[in-house]
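Novice: Below, each chain spelled out in residue letters.
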Amino acid sequence: MLILGIETATMQVGCAVGGHEGVLSSVHSAKGKRHAEQLVPSIQFACEQARVELAEIGLVAVDVGPGLFTGLRVGVATAKALAFSLKVPMIGVSSLDLLAFPVRFSNRLIVTAIDARRGELYYACYRQVPGGVQRITDLQIGSPDDLASELLASGEEVLLVGDGAQRHAESFEGLAKVELVDTGNSHPSAAARVELAHARALREEFERPDAIEPVYLRRPDAEINWSTRDGR
Amino acid sequence: MVDAPGDDRWTNAGSVVLGIETSCDETAAACVRGGGDVLSSVVSSQVDLHARYGGVVPEIASRAHNELIIPVTARALFEAGLDGEDVDAVAATTGPGLIGALLVGVSAAKALALAWDVPFISVNHLEAHLYAGFLEEPELKFPLVVLLVSGGHTMLVLMEDHGRYRLLGQTLDDAAGEAFDKVARFLGLGYPGGPAIDSVAMSGDPEAIRFPRSMMDDGLDFSFSGLKTSVVNHVRNNPSVSTEDVAASFQAAVVDVLVAKARRAAQQHGATALALGGGVAANSLLREQFLTACTEDGMHAFLPSRAMCTDNAAMIASAGWYRLRLDGPTSLDCGADPNLRLSTLPA
Ligand SMILES: [Zn+2]
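Residue numbers (this note's numbering), protein chains in the order written: chain A, 1 to 232; chain B, 1 to 347.
Just to be clear, a hint being listed does not mean it is correct.
Unchecked claim - Ranges between beta-carbon positions, derived for each pair:
1. Asp337(B) with Arg218(A): 18 to 28 angstroms
2. Ile224(A) with Pro212(B): 54 to 64 angstroms
3. Asn225(A) with Ala307(B): 31 to 41 angstroms
4. Asn225(A) with Pro338(B): 15 to 25 angstroms
5. Phe186(B) with Glu56(A): 57 to 67 angstroms
6. Phe45(A) with Phe186(B): 27 to 37 angstroms
7. Asp182(A) with Arg185(B): 28 to 38 angstroms
8. Val241(B) with Asn225(A): 25 to 35 angstroms
9. Glu56(A) with Pro338(B): 35 to 45 angstroms
10. Glu56(A) with Gly81(B): 20 to 30 angstroms
11. Asp182(A) with Ser305(B): 51 to 61 angstroms
12. Asn225(A) with His234(B): 28 to 38 angstroms
Source of the hints: derived by calculation from the structure; they are not laboratory data.
As the structure is a computational prediction, the values presented were derived from the model and not from experiment.
C-beta atoms are modelled at their ideal positions from N, C-alpha and C, and glycine is treated no differently.
Assemble the whole structure, with the sequences as input and the hints as a guide.
Specialist: Structural data, given as structure tokens:
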């Protein structure tokens, strides 16, 4: 089964085509916030490079976040429209899960952190399991200092990855057991998405397109202000 | 007709355009054949989601569009009795509007066009409103003057031919619909303000208070912010005034100016017909006075149904069909422009 992976949760726009032969092509660009402009041409290009017709795609795998709201919506709307028109199933994968995948061979506690703006991070913790990693916490949002104290309290050896960790590097500098890694993997990759989705596709863990929505982790400001005003 | 590079390759009488509209708070999709035959038009309004905030909240609108875009599109195809392979082109609003909301529709539309291997067409929301009239009255003749009034825009446009417009006048401050919303909120009538004021005004006296008719004798531009201030001042100075009378008198002031200027524009430019468009065109008093004025002037009046006045995707599909004929397909690296203007000829 050929899989199209779509990735728009961070500043980076990516897509990849692959299947049981592995990743056949992948395209990533990160110049400016131009997700909507770049995604569809990237998909066209990735298919051409893989010598695959879009009609041969049998599964659309998309990053459901957390991440940039507008970027996520561009990715999810595009992915849902493709799955709908090609009449194929979908798989949604979290951006944080995806970041953990390339560093799965570490036996340390793996923590992924994506920039949530406003001085906050989206983050989650993972542990190595046979064949990959398993998330052992919820997807969370908090300040870099919140995360730093959690890591300190755990007392574990930690491998920290992601653009959010990079951006707030100073918050983790003093932690002796925490290693902040820049493996070139600070953005989730669409290629990793194809690999992860392939494993899940083999287990037939498909989702209906209408069940796939971005994971925001933050309510719209207007809603927050409204509840505050009402004292709820 | 204009000589068109695109010609009939994509746009013949049988070609079906799927239109998608997500510029504000309605998620809409429609199938239109040959630019004018509406096979389906589905509109999912989010008005309830925004009502308690007294206006459209962009982030809430964008989230809702993302949830609704595929079900609404699927419904439009189903109601038209079509499958994806029957669609000859996909058109979407690329502006003006809320950027996050626009991007949902544009992204979905481009993906559908890619998967079905058909042209994508970028449509200007304002141009689409001008086409709403043609959907119900294909016999409309150029030159035609359109009064486009909604929450976001108030303008008088001369349509000389398909794709050839002159902007004759526009609001210098608030849009007419915005004035309705602000006055309704001030009077505690709720949101959206247009229908709220329309219904309360029915039991009020439109001549009770003589609110100013801003710029009445002054060109074809509009101004409504002064009127809103007069309403606020009048109510503060006369706390016991009847809300019905205020609503009716305010509405009469807005409608007087709109109708007088539309009429003048049509006369000045030798138009044979006057058409209404935009959400405020659903206002009962405006429809009534517009019709009376046209009858007096011997002008053909065109009032689209309320469903065609408010935001919908049939008008997007229709405008898309004409745009495809004039310009050919839009590149798939197209994004959205929240401040997109109507491309007009020099006035
Ligand atoms: Zn509109």
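Novice: Take a look at whether the Cβ-Cβ distance between Asp182(A) and Ser305(B) falls inside 51 to 61 angstroms.
Specialist: For Asp182(A) and Ser305(B) the Cβ distance comes to about 60 angstroms; the hint holds.
Novice: Is 25 to 35 angstroms respected by the C-beta to C-beta distance linking Val241(B) and Asn225(A)?
Specialist: holds, 32 angstroms
Novice: So the hint says 57 to 67 angstroms: do the beta-carbon atoms of Phe186(B) and Glu56(A) match that?
Specialist: About 59 angstroms separates the Cβ atoms of Phe186(B) and Glu56(A), which means 57 to 67 angstroms holds.
Novice: Within 20 to 30 angstroms or not, the Cβ separation of Glu56(A) and Gly81(B)?
Specialist: Once the Cβ atoms are compared, 28 angstroms apart, the range 20 to 30 angstroms for Gly81(B) and Glu56(A) holds.
Novice: Using the Cβ atoms, figure out if Asn225(A) sits within 15 to 25 angstroms of Pro338(B).
Specialist: Once the Cβ atoms are compared, 23 angstroms apart, the range 15 to 25 angstroms for Pro338(B) and Asn225(A) holds.
Novice: Lying within 31 to 41 angstroms: is that true of the beta-carbon distance Asn225(A) to Ala307(B)?
Specialist: Taking Cβ atoms as reference, Asn225(A) and Ala307(B) lie about 34 angstroms apart, which means the hint holds.
Novice: Against the range 35 to 45 angstroms, how does the distance between the Cβ atoms of Glu56(A) and Pro338(B) compare: consistent or not?
Specialist: holds, 37 angstroms
Novice: Using the beta carbons of Asn225(A) and His234(B), state whether their distance is inside 28 to 38 angstroms or not.
Specialist: holds, 31 angstroms
Novice: So the hint says 18 to 28 angstroms: do the beta-carbon atoms of Asp337(B) and Arg218(A) match that?
Specialist: With Cβ atoms ~27 angstroms apart, the hint holds.
Novice: Just tell me: holds or violated, for the beta carbon distance of Ile224(A) and Pro212(B) against 54 to 64 angstroms?
Specialist: violated, 40 angstroms
Novice: When you take the CB atoms of Asp182(A) and Arg185(B), is the distance between them in 28 to 38 angstroms?
Specialist: Given about 51 angstroms between the Cβ atoms, the range is violated.
Novice: Lying within 27 to 37 angstroms: is that true of the beta-carbon distance Phe45(A) to Phe186(B)?
Specialist: Once the Cβ atoms are compared, 53 angstroms apart, the range 27 to 37 angstroms for Phe186(B) and Phe45(A) is violated.
Hints 2, 6, 7 from the earlier list are contradicted by this structure; the remaining hints agree with it.
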